[in-house]
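Undergrad: With chain Y's structure known, arrange chains G and R on it following the hints.
Take a look at the letters that make up each chain.
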Amino acid sequence: MIDQNFYKNTGPYSLDKISEMLSCEYIGNGDLSLNDISTLDTAKEDELSFYNNSKYSVAYKNSSAGVIFVSNELRASRASNLILCEDPYFMMAKAASIFYPNSIYPSFSFSKKVKNLNLDESVKISENTFIHKDAKIGKNCEIGCNSVIGPNVVIGDNCLIADNVSIYYSIIGKNVKIYQGVKIGTEGFGFIMQKNSIQKIPQLGRVLIEDSVEIGSNSTIDRGSIGDTIISKLSMLDNLVHIAHNVKIGQACIIAAMTGISGSTKIGNGTIIGGQVGISGHLSIGNNVRIAAKSGIMKNIKDNQTVAGYPSENILDWHRNTIILKKIRKKNNDKS
Amino acid sequence: MIDQNFYKNTGPYSLDKISEMLSCEYIGNGDLSLNDISTLDTAKEDELSFYNNSKYSVAYKNSSAGVIFVSNELRASRASNLILCEDPYFMMAKAASIFYPNSIYPSFSFSKKVKNLNLDESVKISENTFIHKDAKIGKNCEIGCNSVIGPNVVIGDNCLIADNVSIYYSIIGKNVKIYQGVKIGTEGFGFIMQKNSIQKIPQLGRVLIEDSVEIGSNSTIDRGSIGDTIISKLSMLDNLVHIAHNVKIGQACIIAAMTGISGSTKIGNGTIIGGQVGISGHLSIGNNVRIAAKSGIMKNIKDNQTVAGYPSENILDWHRNTIILKKIRKKNNDKS
Amino acid sequence: MIDQNFYKNTGPYSLDKISEMLSCEYIGNGDLSLNDISTLDTAKEDELSFYNNSKYSVAYKNSSAGVIFVSNELRASRASNLILCEDPYFMMAKAASIFYPNSIYPSFSFSKKVKNLNLDESVKISENTFIHKDAKIGKNCEIGCNSVIGPNVVIGDNCLIADNVSIYYSIIGKNVKIYQGVKIGTEGFGFIMQKNSIQKIPQLGRVLIEDSVEIGSNSTIDRGSIGDTIISKLSMLDNLVHIAHNVKIGQACIIAAMTGISGSTKIGNGTIIGGQVGISGHLSIGNNVRIAAKSGIMKNIKDNQTVAGYPSENILDWHRNTIILKKIRKKNNDKS
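Protein chains in written order, with my numbering: chain Y, 1 to 336; chain G, 1 to 336; chain R, 1 to 336.
In isolation and in its complexed conformation, chain Y is listed as follows:
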């Protein structure tokens, strides 16, 4: 599940070896070879996953994962090939750092100039643009000054990448426009607070941007942690928008300026989001939803709803709140 083009895997590790490195007990065949880490629903028989929330008990029971981090309290439905630990999420972060030690410091430092590249002659590149020798740039692309395209990034045909843009860990489709100062594939805000320190969660995913997407100036799009951040085709993002790690945005969505979407939230197709909206993490927002500017979204929203306010509610109810308060003010005034 981790893209080996972007992240170098130092595995495999045996169940015995990785348990030893993490000072954990395990149940199962210690010689079992683990090649990668993954989520419960996608892990294969040679992969390591974790289970720390009973909300996902079905996925745990059915997972094909070779080995799973789990606590004694939650292990119930599986008897073998488990690594026992108090905090499975924390141990998963540690394990990710073992498999992918270089993800925490992605190498920004390189000097493979455009001259070394085998680019199509239709590509127009300004001076001081750095394109890693292992990046692929499609036909008719135009890339502005002082932009940086990292290793193994793929950019499709007819894309416009403006000035002062950084793109890492990303696969970008055709006819995409990335305006000035946008940062794509940046480090997600993922970590676990400990007593006196912070355990970073390795950010091992990518950003996938589909065809005909536009992204406004100075916006930031973090790459996925495990799995990808996705902006589907035809979606339009205005300036200064923030898209956190593992967010998935559907097709033909419109997101106005200064809106922020927290980690792992999914947004359907054709949804329109006003400016300065904030959406909590791990939510599911339906298709053709309308979200008024400045709303704060804390719950899932079904298809075709129109919402406003914080916490958001049906937009008519939000307007009613304003009217109610006005009436009470008037009544108080009449009394005094």
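Rather than coming from a laboratory, the hints here were simulated on the basis of the structure.
Quick caveat: nothing in here was measured; it's all calculated off a predicted structure.
Among the hints, a few may not be true.
Identical chains blur together in the list; that is why a pair holds if it fits in one copy or across any two.
[Said to hold, decoys possible] As a list, the in silico DSSO-like pairs of lysine-lysine whose alpha-carbon atoms are at most 27 angstroms apart:
1. K326 - K302
2. K124 - K136
3. K331 - K302
4. K94 - K174
5. K248 - K233
TA: Chains G and R only, in chain Y's frame:
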């Protein structure tokens, strides 16, 4: 009305020709030569405009425009030199793309280094600063590293342009300070949603920044669509502010960090706007208005008002709302 | 108190001389030599300070400052070594401009390439990175493309500075990660409005970033005005965060995306702040405070509080407001 220094006009087109290109019927003299596009109130006899909202019926009736896009339902007060279409705004966008085919992909790609320029010797320019050979830079200007000044941009005397700044399609006065990472003249968020596609509205305007303005780090200022985005003299913008296309900000306004102003809104002189405020598009905000931080402005505001809240109201009423809810909570508590 | 590594002091000035330059009367020994400016609580006997708010009357009475700007109305408790003026804050700004004439236009323009530097061989620097010859970079640091490190900036060991970053007037600890597009040490939003002009307040402080801090993409951190902006160790800032001048953030704080903190506010240790929060200036926020996303903070908050809303209140009260309005809506509905 479109600045030919920034946008290359491919016209003229005859009424007959442009109607044919757009597959529309017309009424009037097919030989009429159209040199440009414009808005109803400013269009001249050789220019093409559009009318799609009865709110502007007087402007439509009195317009000097040579030809107007209009629907059959709305055409009433004019009998001739009309192009009939279902969606005049959509057709205007198409026509703009015909007159100005290069506006959608402004050319970010160039390599005319500072060495080729005929700059005053008082100008201080850092390395890796790109200044297009057709830009004009005033005396005593200082321009930081990795900044980009696009073709035909004019910058007055004594300006400070910091690092990682991009400026395109702009005319900038004297004593202006543009801090790090600011993007000026970027693509406006203008398009029309179609069933399975998006029709971009060509952004053919400029950004005009008058004397003694300051713009804080990582702010973004989109250029106008037709017409200009204007920041009048002595106005101060803090960091991470977003100014959309065709916004006009009066003199000596103060705009705190993270505030966003939507398209075509006009703000008077001496108005002070707190941080994280959002202002809807097409509004008129008066002179000497005070807007509390985090307000959401959805209606016009008259001179000298002080407002707060979302939707915003008189700041005293906003405070009263807080008191009312506190009282009701107390009453509920006393009951239970 | 002003760091002479960053700001060149043109003093000393005698009390007589500086009063003459500012056209003010003074009381005291005109020959008294003033070497610097400072705040009431930190000024020494050869330094100039100001007093303009009775809230600080104790600090005024006890100040060791050599000379103090004060109005006739407020001078009461001190009889000598005063400069009398109507607006002490305005005069302090003027005096700061005399002592430090170059603070208003920090010199962004330089061309001291990395090649001239005496860097440790463990440091990895990309092309087009500008490091001033008087900056100090620790071991094992990695600095991305198109970044700028200004004069006298100090960066500790093992730091990651990504692409398109600007750092001026700053002292940065070990193990710090500054992601793409961050601007540190930028000009604070400090000025005094006059009738027909704006008097900038010279920004003469620094940014101090302690060990193991991370700062997310496109965030902006203004330097202090007098005194420093401080981010204490282990604090994590997400993308597009704005930290104004003289803010002090404690240890191990977490600040989610798009939050803005206004000038001179202090935040304790272990405080967690959600996304899109706004905090007014000059506040004191305690230790281990929790602030819900989108809150607007206008008052001090004690240790261990959890708050939400705007104006913010206890988070339970904020939820009760939502329930109250829902009940009233239901009652209204039942009636109709």
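Undergrad: Each hint should be assessed against the structure and marked as holding or not.
TA: Okay, the hints, checked on the actual structure:
For a Cα distance limit of 27 angstroms, the shortest separation of K326 from K302 across copies, 20 angstroms, qualifies, whereas the shortest one inside one copy, 30 angstroms, does not. For a Cα distance limit of 27 angstroms, the shortest separation of K124 from K136 qualifies both inside one copy, at 14 angstroms, and across copies, at 24 angstroms. Taking the shortest alpha-carbon separations for K331 and K302, only the inter-copy value of 26 angstroms comes in at or below 27 angstroms, while the best intra-copy value is 37 angstroms. Proximity of K94 and K174 under a CA criterion of 27 angstroms is satisfied inter-copy only: 22 angstroms between copies versus 37 angstroms inside one chain copy.
Within a single copy, K248 and K233 get their C-alpha atoms as close as 11 angstroms, which meets the 27 angstroms cut-off; across copies the closest is 33 angstroms, which misses it.
Going through the hint list in order, the structure satisfies each hint without exception.
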